[in-house]
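Q: Knowing the structure of chain W, use the given hints to seat chain A on it.
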Amino acid sequence: MENPYLPYPVRIDDIEVATEDKSLKTFTFVFVNPEDEEKFAYKAGQFAELSIPGVGEIPIGIASSPVEKGFVKFTVFRTGVVTTHLHNMKKGDLMGIRGPLGNWYPWDKLENKNVVIIGGGFAFTTLRSSIVYMLDPANRKKFKNIDVVYGARSPGMLLYREELFDWEKRDDINMHITVDGTDDPDWKYHTGFVPQVVEDNAPVADEDTYAIVCGPPIMIKFTQPALTKLGYQPHQIIMSLENRMKCGIGMCGRCNIGKELVCKDGPVFTLEEINQTPKEY
Amino acid sequence: MNFITIDKKDWAPGVDQSRNTYRVYGPVEDENGCQIKPLAPDMQPKMDAPVTVMSAKSVLFPQTEKILTATLDESKEDHHVMKPVETDDMPRVVLGIRPYDAKAVHLVKLNFDNPDYKDPYWCAAYDATTFVGLGVTRPGPCDFSTAVGSGPFSEEGLDVLMADMDDKYLAKILTEKGEKWAAACGFDTAADPKESQVLFDVLRKEAEKQIQADVATDKLAQKTILDLYDAPFWDEVAFSCINCGTCTYVCPTCWCFDIQDETRHNTAVRFRNWDTCMSSLFTHHASGHNPRGTKVQRVRQRFMHKLKYFLDKYDQGIMCVGCGRCVASCPVNIDIREVCNRMNDYETTK
Chain W
1 MENPYLPYPV RIDDIEVATE DKSLKTFTFV FVNPEDEEKF AYKAGQFAEL
51 SIPGVGEIPI GIASSPVEKG FVKFTVFRTG VVTTHLHNMK KGDLMGIRGP
101 LGNWYPWDKL ENKNVVIIGG GFAFTTLRSS IVYMLDPANR KKFKNIDVVY
151 GARSPGMLLY REELFDWEKR DDINMHITVD GTDDPDWKYH TGFVPQVVED
201 NAPVADEDTY AIVCGPPIMI KFTQPALTKL GYQPHQIIMS LENRMKCGIG
251 MCGRCNIGKE LVCKDGPVFT LEEINQTPKE Y
Chain A
1001 MNFITIDKKD WAPGVDQSRN TYRVYGPVED ENGCQIKPLA PDMQPKMDAP
1051 VTVMSAKSVL FPQTEKILTA TLDESKEDHH VMKPVETDDM PRVVLGIRPY
1101 DAKAVHLVKL NFDNPDYKDP YWCAAYDATT FVGLGVTRPG PCDFSTAVGS
1151 GPFSEEGLDV LMADMDDKYL AKILTEKGEK WAAACGFDTA ADPKESQVLF
1201 DVLRKEAEKQ IQADVATDKL AQKTILDLYD APFWDEVAFS CINCGTCTYV
1251 CPTCWCFDIQ DETRHNTAVR FRNWDTCMSS LFTHHASGHN PRGTKVQRVR
1301 QRFMHKLKYF LDKYDQGIMC VGCGRCVASC PVNIDIREVC NRMNDYETTK
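Same order as they appear, the protein sequences are chains W and A. According to the working numbering, the first sequence holds residues 1 to 281 in order. According to the working numbering, the second sequence holds residues 1001 to 1350 in order.
Bound-form chain W, shown alone:
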């Protein structure tokens, strides 16, 4: 019987400080047993449990993309016992990854559609995975227009800055980068909160347009009305939720929202589905 609690052993191959306040680091892991990488076949939008023996586990969205081979990446905010321990680890250290877990963005449904990606703060990790997936030469033609609205508190808090600015130069994706505020006189992108930038810049919805939203609860709360103003129907708004998770496989019972388990039935839900559940997220 396969043991769903058993992590794959991995080695930290690279650690990159992701934000100027050093509260976020991106960890690149390689699988100790190469065959485990095949078993860890994931889709953009899924998460995994990072597992440090003797310390604990944390559920984190996968930041790398299924089209990137040979490694798996996670960008982790230092906030609790496990994340602090992880931030203090070094290249070459061994630990575990369990997953992939949860569902993913509905890529089959999104084919031949316009896709608007809306992200805020460090929730941008699974959205990075999605953007890299859609921009991959083998996949780009499967999608029509791609728009990205991504906001951070300040320029120094933007994740994946080099990639963001590379994407911005491309003509097959529309980037709308924003920060809450900045003193930088040379800042040439938007200033303001994500919902307003969405309202001002995201495409008006037709039946072929879907929005994927991932961010802090306050951003999600105010982005919904902005999208509604633009004509998006609840089934066209796809959200990735977070709840306190532990087992990641729907057994421990703590992450439910109504009868749905965020770790197993989610984390990806449409607003139409969420509207049928209690607001416990």
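Since the hints were made in silico from the structure, they are not lab data. Hints may contain errors.
To be verified - Residues of chain W clear of chain A, computed beta-carbon distances all greater than 12 Å:
1. T28
2. G70
3. K73
4. K142
5. R153
6. L164
7. E168
8. D184
9. Q196
10. A205
11. L230
Stated by the list, open to error - Partial chain A-side listing against chain W, Cβ under 8 Å, derived:
12. D1116
13. I1259
14. D1261
As the list claims (entries may be wrong) - Below are the DSSO-like pairs computed for lysine-lysine, each with C-alpha atoms no more than 30 Å apart in a straight line:
15. W:K259 - A:K1219
16. A:K1313 - W:K279
17. W:K142 - W:K69
18. A:K1209 - A:K1168
19. A:K1118 - W:K39
Idealized CB from N, CA, C, for every residue including glycine.
A: Quick look at chain A alone, frame taken from chain W:
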């Protein structure tokens, strides 16, 4: 279906004989009241015990259970590689389990053994366990099992159902596991199937008559989750709750757990422990956000999970077998029977 009779003077020798094959669990009386526990070689189950304080769920789902381990000694090649601890496959028999507790195992199975994932520890324990039930002839005042799809002589989840006939037990062998247990005990005195079934039916009816359960669940499925969630009575239901969690620990169908790591010298161990939705930490995010930060939210969660979410998710009835332990154990007299009726009778005015 086989019926056998077991003379009570043969019971203890039979149980002892079965210890060659089985680890034996049963009701024992200790300072904490009557509990289902593994029986030491010199112990016999207290078959005439009243309702055990705790259910038999810890036989398959221990309160604390090692699940993984790893060495942290970096001189070892496999350091920091987690490995499963061995599952306990030794055959075990639970004697004297009450029928509602066996039904609870069937409900909990939906969580631990599903098409997506199988919990290897729970499943191994389940496969290894034989449940020998004893029909309840004198239901307690909190027993409402008949109202929720179980009952004093319910057979669901049991391998053997026994009835106490004063000087003997009449036993109905329900499964192959049950047959093996009876053979291991040397219990092989056949009883007349027709007569035995008639006796069982008489005892069942007499026992069911004693249960004064005025609990209705028939309208729960028709209501929407959001209507019940927004019902006005939750503040009142939760008012006296002190969030002690007793209701969840004594419940045979509560399965929520936490996972924690500990280290000792160079060994890391990953445990899982029973947890409770009555604790605010249960849903507390690392960010500080807590979707169920207040008492009323947590009390509502418990009843909504048992009486509505479970029903909607699995279509197998409610997540309650009517044992009445949560009613009897609640220090502030919150009564699931009353809450169930309120939910069942609630009509939204929208």
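Q: Does each hint hold? Answer for all of them.
A: Against the structure, the hints come out as follows:
1. Non-interface call for T28 of chain W relative to chain A: holds, since the shortest CB-CB distance, roughly 17 Å, exceeds 12 Å.
2. Look at G70 of chain W: its CB is around 20 Å from the nearest CB on chain A, clear of 12 Å, so calling it non-interface holds up.
3. Its beta-carbon lying about 20 Å from the closest one in chain A, K73 of chain W satisfies the requirement of being farther than 12 Å from that chain.
4. With 12 Å as the threshold on Cβ separation, the claim that K142 of chain W sits away from chain A holds: the shortest Cβ distance comes to roughly 28 Å.
5. No beta-carbon of chain A comes within 12 Å of the beta-carbon of R153 of chain W; the shortest separation is about 15 Å.
6. The claim that L164 of chain W lies off the interface holds: its Cβ sits roughly 24 Å from the closest Cβ of chain A, which is beyond the 12 Å cut-off.
7. Listed as outside the interface, E168 of chain W is consistent with that label: its C-beta sits roughly 29 Å from the nearest C-beta of chain A, beyond the 12 Å cut-off.
8. Every C-beta of chain A lies more than 12 Å from that of D184 of chain W, the closest at about 27 Å, which supports listing it as non-interface.
9. Distance to chain A confirms Q196 of chain W as a non-interface residue, since its nearest Cβ pair spans about 23 Å, more than 12 Å.
10. The claim that A205 of chain W lies off the interface holds: its Cβ sits roughly 26 Å from the closest Cβ of chain A, which is beyond the 12 Å cut-off.
11. No Cβ of chain A approaches the Cβ of L230 of chain W within 12 Å, the least distance being about 26 Å, so the stated non-interface status holds.
12. Interface hint status for D1116 of chain A: upheld, as the beta-carbon distance to the closest one in chain W is roughly 7 Å, under 8 Å.
13. Contact between I1259 of chain A and chain W, as hinted, is supported at the beta carbon level, the nearest pair being about 5 Å apart and thus within 8 Å.
14. Look at D1261 of chain A: its Cβ gets to within about 5 Å of chain W, closer than 8 Å, so that hint holds up.
15. A distance of roughly 18 Å separates the Cα atoms of K259 of chain W and K1219 of chain A; the hinted pair therefore holds under the 30 Å criterion.
16. Proposed proximity of K1313 of chain A and K279 of chain W is supported: the alpha carbons are some 18 Å apart, at most 30 Å.
17. Between K142 of chain W and K69 of chain W, the direct Cα distance comes to roughly 21 Å. Compliance with the 30 Å bound is thereby established for this hinted pair.
18. Taken as a hint, the K1209 of chain A and K1168 of chain A pair is honoured in the structure, with Cα atoms around 23 Å apart against an allowance of 30 Å.
19. At most 30 Å may separate the alpha-carbon atoms for a hinted pair to count; K1118 of chain A and K39 of chain W meet this at roughly 17 Å.
Going through the hint list in order, the structure satisfies each hint without exception.
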